[in-house]
Structure formats: structure tokens, C-alpha cells
Amino acid sequence: MTEDSAETVSLVVPSHPKYLYVVRSALYPIVAAAGFTKRDARRMILAVDEACSNIIKHAYGNDTKKTISIVIQNDREHFTVTLRDYGKKPDMSTIAPRDLEDVRPGGLGTHFMAAAFDQVRYDTGEEQGTLLTLIKKKMQVKA
Amino acid sequence: MNVEVVTKNIDAGILMLVSGDVDMNTSPNVRSSLGEIFKQGKAKVLLIDLSGVRYIDSSGIATLVEAMQHCMKKGMRLRLVELSPSVRDVFELARLASVFEIFATQSDAVAGL
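Listed in order, the protein sequences are those of chains A and B. The C-terminal position of the first sequence is numbered 143 in my numbering, with every residue numbered one higher than the one before it. The C-terminal position of the second sequence is numbered 113 in my numbering, with every residue numbered one higher than the one before it.
A hint or two may mislead.
With a straight-line cut-off of 25 Å between C-alpha atoms, the simulated SDA-like cross-links for lysine to any residue are [claimed, not checked]:
{"hint": "1", "chain 1": "A", "residue 1": "K138", "chain 2": "B", "residue 2": "D21"}
{"hint": "2", "chain 1": "A", "residue 1": "K57", "chain 2": "B", "residue 2": "D21"}
{"hint": "3", "chain 1": "A", "residue 1": "K137", "chain 2": "A", "residue 2": "Q73"}
{"hint": "4", "chain 1": "A", "residue 1": "K38", "chain 2": "B", "residue 2": "G52"}
{"hint": "5", "chain 1": "A", "residue 1": "K18", "chain 2": "B", "residue 2": "Q40"}
{"hint": "6", "chain 1": "A", "residue 1": "K38", "chain 2": "B", "residue 2": "F91"}
{"hint": "7", "chain 1": "A", "residue 1": "K38", "chain 2": "A", "residue 2": "Y19"}
{"hint": "8", "chain 1": "A", "residue 1": "K18", "chain 2": "B", "residue 2": "S51"}
{"hint": "9", "chain 1": "A", "residue 1": "K88", "chain 2": "B", "residue 2": "A62"}
{"hint": "10", "chain 1": "A", "residue 1": "K38", "chain 2": "B", "residue 2": "N29"}
{"hint": "11", "chain 1": "A", "residue 1": "K57", "chain 2": "B", "residue 2": "R54"}
{"hint": "12", "chain 1": "A", "residue 1": "K57", "chain 2": "B", "residue 2": "L96"}
{"hint": "13", "chain 1": "A", "residue 1": "K138", "chain 2": "B", "residue 2": "D89"}
{"hint": "14", "chain 1": "A", "residue 1": "K57", "chain 2": "B", "residue 2": "R95"}
Part of the chain A face toward chain B, derived, beta carbon under 8 Å [what the hints assert, rightly or not]:
{"hint": "15", "residue": "P17"}
{"hint": "16", "residue": "K18"}
{"hint": "17", "residue": "L20"}
{"hint": "18", "residue": "Y21"}
{"hint": "19", "residue": "R39"}
{"hint": "20", "residue": "R43"}
{"hint": "21", "residue": "L46"}
{"hint": "22", "residue": "D49"}
{"hint": "23", "residue": "E50"}
{"hint": "24", "residue": "S53"}
{"hint": "25", "residue": "I56"}
{"hint": "26", "residue": "L108"}
{"hint": "27", "residue": "G109"}
{"hint": "28", "residue": "F112"}
{"hint": "29", "residue": "A115"}
Simulated from the structure, these hints should not be mistaken for laboratory data. Just so we're clear, the structure is a prediction, and the values are computed from it rather than from any experiment. Positions of the beta carbon are idealized from the N, C-alpha and C atoms, including for glycine.
Could you put the whole structure together from the sequences, leaning on the hints where they help?
Now the structure itself:
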């Protein structure tokens, strides 16, 4: 892929869990075309699904009438997904992958995001809401 | 995308067949079906056949972990059957593949019971 062929896809979905399927369906062909292995592609899609679920649950408190803006950028070096919400900002001290030896329901979403992407960044500097950026380096793409 | 859950009585206990995508939208349906099974009383074995599940997220995994914990408390055996590669990968990512009893087929799951 050349710089000229870098692509950006934007998607805005309501904060209702029924749209998670729409997000996954939109993401799948873009990740697949970016050249990642099937396993990496599945994990990246899972991570974005988990990010949306966390926004619905935690940022919007399960209010299904809000919106989630998703921007997918695929260039020569990186595959980047940014998710913007306008809800409650996360308490950064509580965001960390949990100990997987502790078998209990819940708390896996953050772990899935960290496992699928090289960088997971929360920007809470905006007046309202959070910008979550997930970045995967293309150097890991296998031929 | 919906999830479909069918429950059947079998010789070994109860068989639950799940198909579709199990995510934050649909996992409450799976949890509700499990609640109905647990309300009916104690079966020796609960088999959950996931061969029709092509996608599962952390909410689906959490539902199965809750079911496993309930079964352990009640003395039931929970066995998962026929995980697709994508579903198995999520179990491995969560390091739960060795926590659950997972079988390739329904007949393997009931063998020796």
C-alpha cells in the first residue's frame, strides 16, 4: 500500500448493543483487506467490539440513544481505529487488564484490546467524553 | 444478528444448543435460557453445544463463566461442545480453554458419564 492508497472509513452508530453487529460487519472487510492474519483480524474486530461495549456500558450507562463515532485509518504502516464518545470519562486508575488467573465473569474487554493492538490510548482531554485510539503496526502483517 | 437457543433433555442430562453471535446484545438471551435450566432443578450434566456460534465476546464468555460457577455450586458438570476456531481463540485469549471441559463432539462429551 502506498501513501496515496491510505484509506479512512468513518462510521457513526447509536449506542445500542444491536449495532455491535453492524460495527463488526463494517470492520471485517477492511481488516481482512489490510493483510492481517485471520487470527489477528478476528482479535482486532473483537477488541473494537469490546471498546464499543465499554462505551455503551460505562460512558453512556446503557443509554441507547447516544452515538459512537468510529474512524478506521489504514495506511502503509499502521491500522488505527479511533472511537469517540460523549459520555462519562473513564477513571483511568481502574482501567487495566485484570489478572486472568482470577476466573470470574467480566473485566476481559480491556485485556482483549491490549492483546489485539500495539497501543491503546485514552484521551480524556476533550471537554466532553473520551477519544480511544487503538493502533496496530503493519510491520506485524504476515505475507 | 440474533442468537438462537434450543434446550433438549438427553439421557446424560440437558443439552443446550446455541447458534448465532453471542455479544452484549444477545448474551442476556443465553443467560435467561441458562436461568430457566437452573430453575428446573438439578441435572447431572449440562452440555452447551456452541457449534453454531461464529462469534463470542466478553459478555458471552462472562455468561459461560457464571454458568460454570453455578454448576460447580450445585454439583452439576458443565461441558462445552464443538467450539469453532474463532470461539476457541477467544477462550484461549482469556486463558479459559483449560478451565472449561471442552469436547469436539456431543458423543465425546457424554462418553464415560
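We went through each hint and held it up to the structure:
{"no.": "1", "hint": "A:K138 with B:D21", "in the structure": "violated, 28 Å"}
{"no.": "2", "hint": "A:K57 with B:D21", "in the structure": "holds, 19 Å"}
{"no.": "3", "hint": "A:K137 with A:Q73", "in the structure": "holds, 12 Å"}
{"no.": "4", "hint": "A:K38 with B:G52", "in the structure": "holds, 19 Å"}
{"no.": "5", "hint": "A:K18 with B:Q40", "in the structure": "violated, 30 Å"}
{"no.": "6", "hint": "A:K38 with B:F91", "in the structure": "holds, 16 Å"}
{"no.": "7", "hint": "A:K38 with A:Y19", "in the structure": "holds, 23 Å"}
{"no.": "8", "hint": "A:K18 with B:S51", "in the structure": "holds, 22 Å"}
{"no.": "9", "hint": "A:K88 with B:A62", "in the structure": "holds, 24 Å"}
{"no.": "10", "hint": "A:K38 with B:N29", "in the structure": "violated, 28 Å"}
{"no.": "11", "hint": "A:K57 with B:R54", "in the structure": "holds, 23 Å"}
{"no.": "12", "hint": "A:K57 with B:L96", "in the structure": "holds, 24 Å"}
{"no.": "13", "hint": "A:K138 with B:D89", "in the structure": "holds, 21 Å"}
{"no.": "14", "hint": "A:K57 with B:R95", "in the structure": "holds, 24 Å"}
{"no.": "15", "hint": "P17", "in the structure": "holds, 4 Å"}
{"no.": "16", "hint": "K18", "in the structure": "holds, 5 Å"}
{"no.": "17", "hint": "L20", "in the structure": "holds, 5 Å"}
{"no.": "18", "hint": "Y21", "in the structure": "holds, 4 Å"}
{"no.": "19", "hint": "R39", "in the structure": "holds, 6 Å"}
{"no.": "20", "hint": "R43", "in the structure": "holds, 7 Å"}
{"no.": "21", "hint": "L46", "in the structure": "holds, 6 Å"}
{"no.": "22", "hint": "D49", "in the structure": "holds, 5 Å"}
{"no.": "23", "hint": "E50", "in the structure": "holds, 6 Å"}
{"no.": "24", "hint": "S53", "in the structure": "holds, 5 Å"}
{"no.": "25", "hint": "I56", "in the structure": "holds, 7 Å"}
{"no.": "26", "hint": "L108", "in the structure": "holds, 4 Å"}
{"no.": "27", "hint": "G109", "in the structure": "holds, 5 Å"}
{"no.": "28", "hint": "F112", "in the structure": "holds, 6 Å"}
{"no.": "29", "hint": "A115", "in the structure": "holds, 6 Å"}
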